[in-house]
Amino acid sequence: MNKLKFTIVNAFAFFILAASAGTVWSAELQLPHLMSMLSQKKWGQASFVEKKYLSIIDKPIVSKGTLAFVAPNFLEKKTLSPKPETLILVGDTLTIQQPGKSEHKVSLEEYPEATAFIESIRGTLAGDLKALEKYYDVSLKGTTENWVLILSPKDKQIGKIFSEIRMVGVNNQVKTIEFKQRDGDHSVMSITDKKQ
Amino acid sequence: MTLKRRVLILSVWLAVILACVSVISKTRFISDLTAFMPKAPSARQQLLVDQFRDGIIGRIIMIGIEGGNSAARAKLSLALADSLRKTGLFAGVQNGDSATEEKDRAYFFDNRYLLSPGVTAEHFTVKGLHVAINNSIDALAGNAGMIIKQLFARDPTGETLKLLDEFIGNDKPVSKDGTWVSRDGKRALLLAYTQADGTNTEAQAKAINVIKQSFAQLDNRQPGYHLLMSGTSVFTVKSRNTIEGQAVWLASVSLVLVVSLLLVIYRSIRLLFFGLLPVLSGAVVGITAVSLGFGHVHSLTLGFGTTLIGEAVDYSIYFYLQRSGQANSTNFWRTIWLGVATSIAGFAALLFSGFPGLAQLGTYSISGLISAVFVTRFVLPAVVPTKLSLPNLDRLALVLESIIARATRVRWLPIALALVAIGVITIHQGEIWNRNLASLSPISKADQDLNQELRNDIGAPDVRFMVAFSAKNEEQALEGAEKAGKVLRQLIHDHVLAGFNSPATALPSIALQRERQQAIPDEKELRDRLKSALVDLPVSIDKLQGFIADVEATRQKQPLTRSDLDGTSAALLVDSLLIKRKNDYLVMMPLRANSSTADVPLDVNRVQAALKATNLPHIVVIDILEESTSLFENYRREVQLLSEVGGLVILGLLLLSLKSIQRTLRVSIPLICAMACVIAVTLLHGTQLTILHLVGLLLVFAIGSNYALFFESGNQVQRSDERRRMQMSLVIANFTTVISFGVLGVSSIPVLSAIGSTVSLGALFSLIFSAILSRDLKST
Chain A
1 MNKLKFTIVN AFAFFILAAS AGTVWSAELQ LPHLMSMLSQ KKWGQASFVE KKYLSIIDKP
61 IVSKGTLAFV APNFLEKKTL SPKPETLILV GDTLTIQQPG KSEHKVSLEE YPEATAFIES
121 IRGTLAGDLK ALEKYYDVSL KGTTENWVLI LSPKDKQIGK IFSEIRMVGV NNQVKTIEFK
181 QRDGDHSVMS ITDKKQ
Chain B
197 MTLKRRVLIL SVWLAVILAC VSVISKTRFI SDLTAFMPKA PSARQQLLVD QFRDGIIGRI
257 IMIGIEGGNS AARAKLSLAL ADSLRKTGLF AGVQNGDSAT EEKDRAYFFD NRYLLSPGVT
317 AEHFTVKGLH VAINNSIDAL AGNAGMIIKQ LFARDPTGET LKLLDEFIGN DKPVSKDGTW
377 VSRDGKRALL LAYTQADGTN TEAQAKAINV IKQSFAQLDN RQPGYHLLMS GTSVFTVKSR
437 NTIEGQAVWL ASVSLVLVVS LLLVIYRSIR LLFFGLLPVL SGAVVGITAV SLGFGHVHSL
497 TLGFGTTLIG EAVDYSIYFY LQRSGQANST NFWRTIWLGV ATSIAGFAAL LFSGFPGLAQ
557 LGTYSISGLI SAVFVTRFVL PAVVPTKLSL PNLDRLALVL ESIIARATRV RWLPIALALV
617 AIGVITIHQG EIWNRNLASL SPISKADQDL NQELRNDIGA PDVRFMVAFS AKNEEQALEG
677 AEKAGKVLRQ LIHDHVLAGF NSPATALPSI ALQRERQQAI PDEKELRDRL KSALVDLPVS
737 IDKLQGFIAD VEATRQKQPL TRSDLDGTSA ALLVDSLLIK RKNDYLVMMP LRANSSTADV
797 PLDVNRVQAA LKATNLPHIV VIDILEESTS LFENYRREVQ LLSEVGGLVI LGLLLLSLKS
857 IQRTLRVSIP LICAMACVIA VTLLHGTQLT ILHLVGLLLV FAIGSNYALF FESGNQVQRS
917 DERRRMQMSL VIANFTTVIS FGVLGVSSIP VLSAIGSTVS LGALFSLIFS AILSRDLKST
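Residue numbers (the numbering used here), protein chains in the order written: chain A, 1 to 196; chain B, 197 to 976.
The shape of chain A in the complex, shown without the other chains (with noise of 0.2 Å):
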């Protein structure tokens, strides 16, 4: 679908949510009505199962671990099969960890795409609406019980790589993470909160 489809496409939504905004229509969700139910939600531990969808590769590869986040910026990704990784976001840098190799320390201000990709998630998860727009045109389908939020990334450099990141949640959990690659290829991450 290209761009223009899609934002006029997304114009008529609003359009149409706009015109019934009065209506007790009552189960549509609005933008910044989940934003803020996710900004609420301060901090939140979960375990996850990411199923990688590669053309090069007959099946799916799977990989299992547990996620941690508190608002606003800190994130935690523990890979723990097959091969343990841990990935930690604190504001601006992030630490690689891998067993047997010494610690890594990155600054995401040189990698523009790996930033946007992670202000997905992180914006997502803070409610940040902001740091969404700043990368991605931001959609909102279905209603607090079941909702899906597009990202769509703005910029051509990493709209060569992403088409769409697709998040499906509950209230203010997020229960799944697609990533839509350009060349065919997805991912499927599911999130099991641990704690509410």
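Worth flagging that the hints you see were computed from the coordinates, not collected in a lab.
Where is the CB? At the ideal position from N, CA and C, for every residue including glycine.
Treat the hints with caution; some may be incorrect.
Stated by the list, open to error - Now the stretches of chain B that chain A is said to cover, found in silico as 3 or more residues with beta-carbon under 8 Å:
1) 297-310
2) 339-349
3) 877-889
What the hints assert, rightly or not - Straight-line alpha carbon distances no greater than 27 Å define the calculated DSS-like cross-link-like pairs of lysine-lysine that follow:
4) B:K402 with B:K282
5) B:K727 with A:K83
6) B:K739 with A:K180
Guided by the hints, dock chain B onto chain A, whose structure is given.
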């Protein structure tokens, strides 16, 4: 004096001067600080000097662009790099641009099966392939999966990642807007490598100018951006310019000041002219002697040589005052010769030190002094009228006499001051010596700080430990590096060190490349093995066609040589570690210690012992910090010894001619007090002592003895008006010395300022203390 004798003397003198002038006209004058580098006594230290001379360190110029905004700086950086590459003066210009990065990527990726340490026969067995591909699939599950997946189809066994691991530990500069920037992002960074060798200062200066001009031509459109440069090359050129500039300036200032002083005293241009004859003759002979003895004359020698002005002028001053009176001629000359002898003893210590530069200073001063005295003894009497009318200085002399008379009442003062001085020295006991070789460098602290900043930004850590060995040719050098690399890898495993750099990482020896090619099965065989290896893996062989093709291409390829690296940043890495010398190759492998904060971060002996097994010729492990510190310590000890011997020689001379211990003491004690006070003042000023201060102290003893001797000899003089005249001439002579050495003291070149400040202070103190102490109270 008969006319005949007069003519003879003058003709001999003129002939000598003319001969000297002709030598000087053909003399080569140099200003490189390297001439002041001490001669390296050991093989290890010679290696350090070699590294500077032949290696890449002397050829790197670090460039920074500041000002304006980041995007514009990046544009300037790319434009400058482009412009510099076109000049042909640079072997390479790096700024993290994408073209070079692409070349790097291409080199390592395209040649991964020749470069990767993982390529062995075992690696390509069915089991080996299975394990490697399985590992890669697991890695795809990880966070870097997105990046690795692009490599997977052509590199399923993960060689590219293994290669990346080899280079980990090397800090790369930060990139922004497509080029390197400093840590804080406020400066764009470039590295330029000159074609010319580090010791060719002229060529280095040219390269630096070209960079300045190229930048200025870029900058035309965008004001507000400025260029910074630093590096060994920049320092060499800067110090050369500083030395040259200062030598001229110092000589001029010294001359002007001394001439003014003398004009005020003599009030006659004719007297001034005759008075300067010994100086000029001395200078001319001095330069000639250095030129003949060393083959060239260093500008620092000329700068230091200005002190000759202050010294040599003294003799004509004494001569005039002797002429204007009826003084006892023989006694006068005896004192002068003794003074000359002690001064020469002082400068002789310079002559024998291991610094070629200091030896030049010694040669210049000794030959200059001797000729100055000879001219005063023989030529001046031939040209100056017998009866000389000097301006009436009697009133001044009387005032001086009364001051000195009063001064002798405070005999305890010099001793007391000396004791205080010794107290100060004892308090500072631990910090007296400045062991840093950088203290001898004429480069300002600001420049040295900028250098450190740029080095940190570029990620060029100070290399402290290094393995070095020589080899007959490039292939043997690389094979040697590989052998050493095996040993070092084992040591890393044993936690003896954290890592190392080797030229063989980017350019393996041809033998090793062939070995790897042979380890690779042919295409059909590879396909069969791959099919078996993939049996329970979720990859089908049709996805890996690219891999099979690449492997087969590598098997048939010509081995890599240095020229294949052209245009990559790895080329410069190899060039910095594999150095072609006249008759052989030098290989250097920097080591990374586990922790840089421990006292002894690396067990050098253990590494050396382990490397012995490789049987590589002259393989050594160097701790650069240790070596340069011990080098410094050696010199300090040597110069200290020389100074002590020199001091004893002077004492001996004094004893021999004065023929009395009491008289010798009367001469020496004020000098020793003066020396103690000079050390104390220097320490109180916050300056630590260097070898040069030691030399200066010896000169204080040598030169100061002239004044003490004259004051002491005054005891033998019966006529008070003669003694008064002599005191007058001493004070004037002392002032000229203090001025000429004092001018050196304000120089920004440590060699000159250390000696200058020490001697000028010391001469002043010597005069005062000798006036107080040397005079026999009975002869008032």
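Right, here's what the structure says about each hint:
| no. | hint | in the structure |
| --- | --- | --- |
| 1 | 297-310 | violated (count 0) |
| 2 | 339-349 | holds (count 6) |
| 3 | 877-889 | violated (count 0) |
| 4 | B:K402 with B:K282 | holds, 15 Å |
| 5 | B:K727 with A:K83 | holds, 25 Å |
| 6 | B:K739 with A:K180 | holds, 21 Å |
Hint check: violations occur at hints 1, 3; the rest are consistent with the structure.
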